[in-house]
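Asker: Hey, can you work out the whole structure from these sequences and the hints?
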Amino acid sequence: MSAGQRAVPFFLKRSRDIQHIKKNGRRVSTGLFNLQICPGLSQDAMLGIVIGRRFGTAVRRNRAKRLFRELGRAVRPALVPGHAFLVFPKRECLNLPFAELQILWRGTLQRQRLARFGEPSL
Numbered sequence: 001m002s003a004g005q006r007a008v009p010f011f012l013k014r015s016r017d018i019q020h021i022k023k024n025g026r027r028v029s030t031g032l033f034n035l036q037i038c039p040g041l042s043q044d045a046m047l048g049i050v051i052g053r054r055f056g057t058a059v060r061r062n063r064a065k066r067l068f069r070e071l072g073r074a075v076r077p078a079l080v081p082g083h084a085f086l087v088f089p090k091r092e093c094l095n096l097p098f099a100e101l102q103i104l105w106r107g108t109l110q111r112q113r114l115a116r117f118g119e120p121s122l
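Position 51 of the sequence shown, counting from 1, maps to 51 under this note's numbering, and the rest follow consecutively.
No lab work stands behind these hints: they were computed from the structure.
You may find that some hints are simply not true.
[To be verified] Simulated restraints, written as ranges between beta carbons of each label pair:
| hint | residue 1 | residue 2 | range |
| --- | --- | --- | --- |
| 1 | 116 | 11 | 18 to 24 angstroms |
| 2 | 58 | 31 | 20 to 26 angstroms |
| 3 | 16 | 96 | 30 to 36 angstroms |
| 4 | 14 | 96 | 27 to 33 angstroms |
| 5 | 117 | 59 | 30 to 36 angstroms |
| 6 | 78 | 34 | 17 to 23 angstroms |
| 7 | 14 | 99 | 29 to 35 angstroms |
[Claimed, not checked] Distance condition first, Cα-Cα at most 27 angstroms in a straight line; then the derived DSSO-like pairs of lysine-lysine:
| hint | residue 1 | residue 2 |
| --- | --- | --- |
| 8 | 23 | 13 |
| 9 | 23 | 90 |
| 10 | 22 | 90 |
Quick reminder that beta carbons are idealized off the backbone N, C-alpha and C, glycines included.
Answerer: Here's what the structure looks like:
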């Protein structure tokens, strides 16, 4: 990266970007989270996590955010560039082991053709 270039952050922070995805994105629902996908916001893949107060206490909301940030980091290299994602976790995601949540997360991204995972090596 040259001196004039800045790295594009992976996690969405700006309200303007989140509102754009909410307005223009398509929604995919699962039992543990909703995913809203919007192409063309950036050349890189970007992820935002939205959790309202109805989700529960601050401890529960923060735990869900940590889980989905980790899920996002784990699949970042496999994500198709040029898409922005908003994740709306559901309360039930905290009741599942991380490994099962990760399988559902990867499967959802793969079914939507938003990630390309290599074949597992034996």
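Asker: A separate judgement is required for each hint: does it hold in the structure or not?
Answerer: Here is what the structure says about each hint:
no., hint, verdict
1, 116 / 11: 18 to 24 angstroms, "holds (21 angstroms)"
2, 58 / 31: 20 to 26 angstroms, "holds (24 angstroms)"
3, 16 / 96: 30 to 36 angstroms, "holds (33 angstroms)"
4, 14 / 96: 27 to 33 angstroms, "holds (30 angstroms)"
5, 117 / 59: 30 to 36 angstroms, "holds (32 angstroms)"
6, 78 / 34: 17 to 23 angstroms, "holds (21 angstroms)"
7, 14 / 99: 29 to 35 angstroms, "holds (32 angstroms)"
8, 23 / 13, "holds (16 angstroms)"
9, 23 / 90, "holds (20 angstroms)"
10, 22 / 90, "holds (17 angstroms)"
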